[in-house]
Amino acid sequence: MASIRITQTQARWLRVIVHMLAAVWLCWVYYHAIATTRYSDPVEEVLHFTGTGAINLLLLSLTISPLIRRFRLSPLFALRRPLGLWALAYGLTHVVSFILFELQLDWQQLLDALISRPYIIVGFIALLLLSAMGVTSTRGWQRRLGPRWQRLHNSVYVAAPLVLLHYLWSLKTIGLEPLLYCCALLLLMLLRRQQWQRWWRRAMP
Amino acid sequence: VPLDAQAAPDVSTSETLTPEQRVISHNNFYEFGTAKSDPKNNAQGFKVDPWTLQIDGLVEAPYSLGYEDLTTAFPLQERIYRLRCVEAWSMVIPWIGFELNALLKKAKPMSSARYVAFETLYDPEQMPGQASRFVGGGIDYPYVEGLRIDEAMHPLTILSVGLYGKTLPAQNGAPIRLVVPWKYGFKSIKSIVRIRLTDTQPPTTWNRLAPQEYGFYANVNPAVDHPRWSQASERRITSGGLLARNRIDTLPFNGYSEVASLYKGMDLRRYY
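Read top to bottom, the protein sequences are chains A and B. Under the numbering used here, the residues of the first sequence are numbered 1 to 205, in order. Under the numbering used here, the residues of the second sequence are numbered 206 to 477, in order.
Away from chain A, derived, C-beta distances all over 10 angstroms, residues of chain B:
1) T221
2) E265
3) K371
4) P416
Taking lysine to aspartate or glutamate and the DMTMM-like style, the derived pairs with C-alpha atoms no more than 20 angstroms apart in a straight line are:
5) B/K245 with B/E330
6) B/K371 with B/D254
7) A/K172 with B/D430
8) A/K172 with B/E418
9) A/K172 with B/D345
10) B/K371 with B/D274
11) B/K310 with B/E265
12) B/K245 with B/E225
13) B/K311 with B/E273
14) A/K172 with B/E292
15) B/K252 with B/E273
16) B/K245 with A/E44
17) B/K371 with B/E225
18) B/K311 with B/E265
19) B/K313 with B/D261
20) B/K252 with B/E330
21) B/K245 with A/E177
22) B/K311 with B/D404
Simulated from the structure, these hints should not be mistaken for lab results. Beta carbons: idealized from backbone N, C-alpha and C, even for Gly.
So here's chain A without its partners, still in its complex pose (with noise of 0.2 angstroms):
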């Protein structure tokens, strides 16, 4: 196997880009979104991007520890908190722009849609699911919770189908992009398969 190097240094310029690209295209997005014509439905374009981006970041978040496994490049361990908190960061902003943007702080109908809309439920459970781990990030919290640490952090086995189960739910018809991002995180669960045959037998002694 060819063998990639990437040191400790560049890993670090890696996590800088992470947060550049990130930012900067989310302030970019919404600039033009307040400020310009150059969206239609400027609604419409901040919660299709925040949430795919919300997406993007979740699986790239996943793909940093088969990349280490596969390729020895424990340096990139410094990316999946940044690309984790960042696909926090956007689904925070996916659902303040729904309240704000799309309902127009009609409560009632947040309300209404927390009760009876399954996929504004299941988008909801994953968002708490990710918030549990954005908070817990901390090298502090990872101490004090020990090894229930790991075990909360794999709730991201739950959260990531959920979001796009939210995602394929809200559309009117599955074209292309949702059947990409399922096709992912398949990929990327089955590089997990040693994994889960560890906790399948742990399970089923």
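Given chain A, work out where chain B should sit, using these hints.
Using the frame of chain A, we list chain B on its own:
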């Protein structure tokens, strides 16, 4: 191409128009892709001349119109209608067109005709959504729609050949499309090649795809939610940006209360 038309103020709304730029770049026309920007991007090479619109079925005098006839066979009017999408956004659009009833009467419908069936052009070479299920969202093409004959004959129902003083852009359903302002937008079928009068209720595309979500009637109705979202209010797309407060209450029949008599005695929760 510029198009002359007589203003029709008595059936036009005076609400703020949706800017032309938005009317022609925010479209649901899955034949050209499922994203709102796809139709504008993918329909620019669409050929509308020559065109044949066939009127047949249960009529005594079937006939067809060629491309030139579409804008000359009937006197054109400009009508400013509200358009309410089933996705809970809306626009105000200055259409140019003529009443569907004029076109139907010319064919002398038989007394047995009870419905009108419409069909969009089927041309996968020009319409990438018809060529690939991944582009077209897995809809069965050609797109078909239908109206009860009294709905089709109602003076508010028009065939449109233009908007904003010009012939229709491809992404808006050139060269001729239906506009039924009191129904959700998907009823207003685009790029029509055939209008057929029938005695049975014709199949309709979205109803076939998801019958529990999209009914045959599809009248705008704030009291009947889409199973996945509320229809009680809508976002009116005008010139504003992200911060515009544009959420307004949705009105029964999209505010065209004069059509209510067509549905007297019908349970509109059942016939959604």
